[in-house]
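Listed below, chain by chain, are the residues.
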Amino acid sequence: MSPQQFRDISYNGLWKQNAGLAQLLGLCPILAISTSMVNAVSLGLATILVMALANLAVSALRNFIPYEIRIPVFVLIIAALVTVVDLSFNAYFHDLYLVLGIFIPLIVTNCIVLARVEAYAAKNDPLSSTFDGVMMGLGLVWVLGLLGAIRELLGAGTLFSGIEMIFPSLSAWNVFGEDYPGFLIAILPPGAFFALGCLIAAFNAINTHLAARTHKRPPAAATTTSQTTPAERAEPAEPAPAG
Amino acid sequence: MIHSPYIRKPASVQRVMGLVLLALVPGITAYALKVSAGILVNLALASLTAVAAEALMLALRKRPIAIAVTDLSAIVTAWLVALCFPPIVPWWLTMLAVLVAIIVAKHLYGGLGQNPFNPAMVAYCSMIVAYPALMSQWPAAGSLSFDTQLGLILGGARDLDGMTGATALDALRTGLRSGASSVEAVLQGSAFGFFGGRGWEWVSLGYLGGGLLLLATRIITWHMPAAFIAALSLISGTFWLFDPTRFASPLFHLASGGAMLAAFFIVTDPVSGATTPRGKLIFAAGIALIAWLIRSFGAYPEGIAFGVLLMNICVPLIDKKTQPRVFGHRRRDEGGWR
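Going down the list, the protein sequences come from chains A and B. Okay, so the first sequence: first residue is 1 according to full-length UniProt numbering, each after it adds one. Okay, so the second sequence: first residue is 1 according to full-length UniProt numbering, each after it adds one.
With the rest of the complex left out, here is chain A:
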């Protein structure tokens, strides 16, 4: 696998086909669990693990799975992996497991997992498939983390609340001090929709801005038309995924 291929996969996963902002897949956990940054990132990391392993397993088995029944087989593989993750969370991060609750088993039904298995792993070699799973998952994680941070900051005035469930020595950071009244609606479901809508708008605005800048650049004008490959378009200014 060439470095170019790695770069393409990374760019696709982290930005261009970002699961949360461009494909809008897996909205259920994005909206439901992003009430705090720790919850969101934890669920995101669990999803990365499942995506990487599912892509690896499906890619390795892709020549043995009958085409006609591939979807049930994919789901079985994903479900088995999710069960492993679910039990591991229960064993090692029990408090967090109680908070995330049903959303860990629900990773099975997260469309982004099945979508990457079907669209990528079933057609590519194990190494690049695993890498694709990780990058797609990371793309989801930074969106989840940012969304969780925005909602937590506005809604409760804290960041990293619940971090003690993972690292017992740390505690939440009260950004606005103790008497911040809290903007409760940011934590309630409407806040999730508003915040995600604003993030998607920002994502589109940045893309439009970048595209316009690429077009204006005179030396590259001959080659850099609107049909540029993702990698080429990424070169002028790799957008910082930190948003």
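Quick caveat, the hints were computed from the structure, so don't treat them as lab data. Idealized CB from N, CA, C, for every residue including glycine. Do not take every clue at face value.
As the list claims (entries may be wrong) - Example chain A residues on the side facing chain B (calculated, C-beta under 10 Å, incomplete): (1) P181; (2) L184; (3) A201.
Could you slot chain B onto chain A? The hints should help.
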């Protein structure tokens, strides 16, 4: 300009909005005199915030600023927000609510004329969901001096147990929940006047007068206020006749909370409401029904705001199904989707 069929007289947005503001003055006067003078501070604060937010959003969207800022539409939104809120909410709550109304509910959807939801009601619902405690601290009518109110608005210590009273709707709900024998027993309390909340009856009367001015100048048509009042009277009247010990009378419902303000100034929002004559009737009646249901059985004391938002969602459907027949065309087959 506003309502179809379009009138021939050129009515500018500025003139329409100016008349709406003028029509609010009687209600505001009664409010300031009978209930709480703090409302004047909130109105000023809300207006300033609204104009600033409007100018900011127009600048960000690269639209002409001067025309849109002087058309008074932002100020109407600001006044409606302030009038829906308790008059002693802290200053930042009013500002936050107006920012939500202007930036989120109005400009993120495309500005004046594009918003599917009533901006003032979006602000009210966001704030009552986000700050239920602050949003339910109403001063008992005429009980607080202006200085005290100003202090509360500007962020004085909120030691409110001795100062605030329940609104009429709130008192009725709490009274009935805590096992009062009947509506009559609850209505003996000090929060109540002749037929609504004490002092508030005059405010409702002021809104009614302003609303009639709007009707007379044809800023609004009769459909929405009539349907709203009729539907609210009908449903509350039916249940009141059925069991007067558990359900309040239609007069109480009409004079309490924001019913009159809603009937003439909120339900009639020309942008987010239905536009066909039959559609307007359905739209306003639906709001009245939802408002009564929430008032009688829901968790929030006042349900008009939620009713408005829920019916806003239905507007495209209502308008589509109530399109009047165009002269010269035959009526479409009933019931089919177009």
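Structure-based check of all given hints:
no., hint, verdict
1, P181, "7 Å, holds"
2, L184, "4 Å, holds"
3, A201, "8 Å, holds"
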